[in-house]
Amino acid sequence: MSQPLLSVNQLTMRFGGLTAVDAVSFDVYRNHITAVIGPNGAGKTTAFNCITGFYKPTEGQIVLTHTDDKEFKLEEMEDFRISQEAKVARTFQNIRLFGGMTVLENLMIAQHNRLMKASLYTLAGIFNTPSYQRAQLAAKAKAELWMDRIGITDRADDPAAALPYGDQRRLEIARAMCTDPVLLCLDEPAAGLNPKESEELNALLRSIRDNDNVGILLIEHDMSVVMEISDHVIVLDYGRKISDGTATEVRNDPAVIKAYLGVVED
Amino acid sequence: MSTNTQTSFDLIGMLKRSAIATIIAFLLFLPTLGLKTSASGGVDGLFLQYRWSLLAMGCAAIFIGKMALELFAKPKDGQQKPAAQASAWAKAIASPKTAKAVAPLLMIFAIAFPFLPFADRYVLDIGILIITYVMLGWGLQIVVGLAGLLDLGYVAFYAVGAYSYALLSAHFGFGFWMCLPLAGILAAAWGVILGFPVLRLRGDYLAIVTLAFGEIIRIILLNWRSFTGGSNGLSSIPRPSFFGLPFNQEPGGFAATFGLEYSSLQRIIFLYFLILALATFTFFVTGRLRRLPIGRAWEALREDEIACRSLGINTVNTKLSAFAIGAMFGGFAGSFFAAKQAFVSPESFNFMESATILAIVVLGGMSSQLGVVFSAIAMIGGIELLRQLQFLKVIFGPDFDPSQLRLLLFGLAMVLMMLWRPRGIVSTRTPTVFLKDEKTVSAAMISQGRG
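Chains as they are written, first to last, in this note's numbering: chain A, 813 to 1078; chain B, 21 to 471.
This is chain A alone, in the form it adopts within the complex:
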């Protein structure tokens, strides 16, 4: 396989005496959907928060490589720089949209850094220069494109909090995609979705994988999502990696069945 997009090496996170993530290593590739699964408390979200900079890992290296071979050591970067410079976008388990702002505004805020530069850090924006106007229109067009892709263009001017739950989930993903990421990290994107919404989510994730040249890393409990769309599954249990492979390989791995799937299929 080609060079990994994200390479996690011996990642360890301790909270006092508790080792939430214990020497976990795995790779994430472009145009692949990589799922991290595991029972509750297995350390999935902790690993995730280390990658996106919300926690500083105790030990280990997390290296992200862009197509131009530029490397970013994520474990040393501040959370907003990981999104701004290394181009890692994330969503949250409990949706974090800007509820009082409209759908369009949510997608515009995701393009903040580009628009800030275009507005010369507000100076050109105040005078509404043509170059800023062009950037604003381009940002709006990008937002429209994503609203089209998730099918909520007719609700563009409604507050995000007024959308149905499934649309909010997909809007959060669209908002993350508006930051032009190379790696999209999704924390339980299917949580609380009904089967139809879950199906729409799968279609969206496949379309992103196939068209947008990003790697997708997701944490999921919903086995139907994981088994159906993942190209690569990593299983964590008690902070350790117990299995790594394709969905079929993992499903048949005795260690996984013992730790996790066995309980589920009970």
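Honestly, the hints are just simulated from the structure, not real lab data.
Treat the hints with care, as some may be off.
[What the hints assert, rightly or not] Simulated pairs of lysine-lysine, DSS-like, Cα-Cα distance not exceeding 30 Å:
1. A:K868 / A:K885
2. A:K952 / B:K117
3. B:K456 / A:K929
4. B:K456 / A:K1008
5. A:K929 / A:K952
6. B:K120 / A:K952
7. A:K954 / B:K459
8. A:K954 / B:K456
9. A:K952 / B:K413
[To be verified] Stretches of chain A that chain B covers, calculated by requiring three or more beta carbons in the stretch to come under 8 Å of a beta carbon on chain B:
10. 821-834
11. 911-918
For glycine and all other residues, C-beta sits at the position ideal for the given N, C-alpha and C.
Use these hints to put chain B onto chain A, whose structure you have.
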């Protein structure tokens, strides 16, 4: 099933609730209305006076009032808040179209105001005061309304602006127009200085630190006598001139140059237009900023800081810019204040001022510029109006002095206002960008910010 019993006439319940309210009122009124200490010429100095009739009247008023509320107010079902039943005119005010229509009308009125027949010196002074507070309100709205950072020490920046002009003109002989931008820059710098320590604070803790900051500035101004003149303040601050023409009776003055008869009112009218111009500038700049990426980031920060960081927004810079730009407008207004008064002292910058400006923003609505105008008129104009209510003497007798009760009446008005419209006069939010139609976002959706 239970709806039937709720809608039916519940006299005993009404009487019971009214009686409870009256008992509470009695306990509260007993020491405040029922007892009065009077100074006598006697040896003891003070003696107690009992005012049973007044106490009875107060309790009766509460009983009747509570009964009236019970009769005419809708039955509460817990969910129904007063804000949910927004009246028609409140909805009309909130719509962006009305705002666009009302703003020019207000502007025309503001320009014509000094030439109206009733505009004497007193009325113009109130006009200047109101516009100053509108400007301060717009400045603070950036910090409190947009970025959701509760700032109880905003008056500090007003003070920095005022003292900047006073000191720069005294030590370097700078004129008003030179000092105005400098005062803004200095106030913005102090905004950043305040911003750094409070970056990690939210909610109550942020409020306490900003409150302390306001007091620190005031106490420094009070105690650094060699520099600020202490409690004596700084006097003989040069007054602004009209493009170099001073407002005096000299041959080179404003009146003589334009062939007008000299009147002290000319200077007041000039000051009025000066603050109107500054406020208009503030209106356009803050209105524009809100629609720029920086303004959207401020609002996003109020909605969800963690989501902001996940989208690559530098929240430190965003917060500091909100503090700095908000403070800058405070500095401009302060510099105008010093120019108008020709005298500054720490007395003018106490906590009451911060509270008033904050109340204007909260009462006006967190993100509506028009709301701030209405609430500043109501707050500042209202307090002044209460001085004028001589007709109340007809009701309460010749001993009644409305100006003594004005803060009490004012507090009552604020309480009623907050019950009626808890999220301010204009509680809805106008989106900064729209695709097809500009709809306002209702207050229920908008996060109030926890910092």
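Status of the hints after comparison with the structure:
1. A:K868 / A:K885: holds, 12 Å
2. A:K952 / B:K117: holds, 23 Å
3. B:K456 / A:K929: holds, 26 Å
4. B:K456 / A:K1008: With a Cα-Cα distance of about 29 Å, the restraint between K456 (chain B) and K1008 (chain A) holds, given a limit of 30 Å.
5. A:K929 / A:K952: holds, 16 Å
6. B:K120 / A:K952: holds, 24 Å
7. A:K954 / B:K459: holds, 21 Å
8. A:K954 / B:K456: holds, 16 Å
9. A:K952 / B:K413: Violated, at roughly 61 Å.
10. 821-834: violated (count 0)
11. 911-918: It holds: at least three residues are needed, and the segment 911-918 of chain A offers 6 whose Cβ sits within less than 8 Å of chain B.
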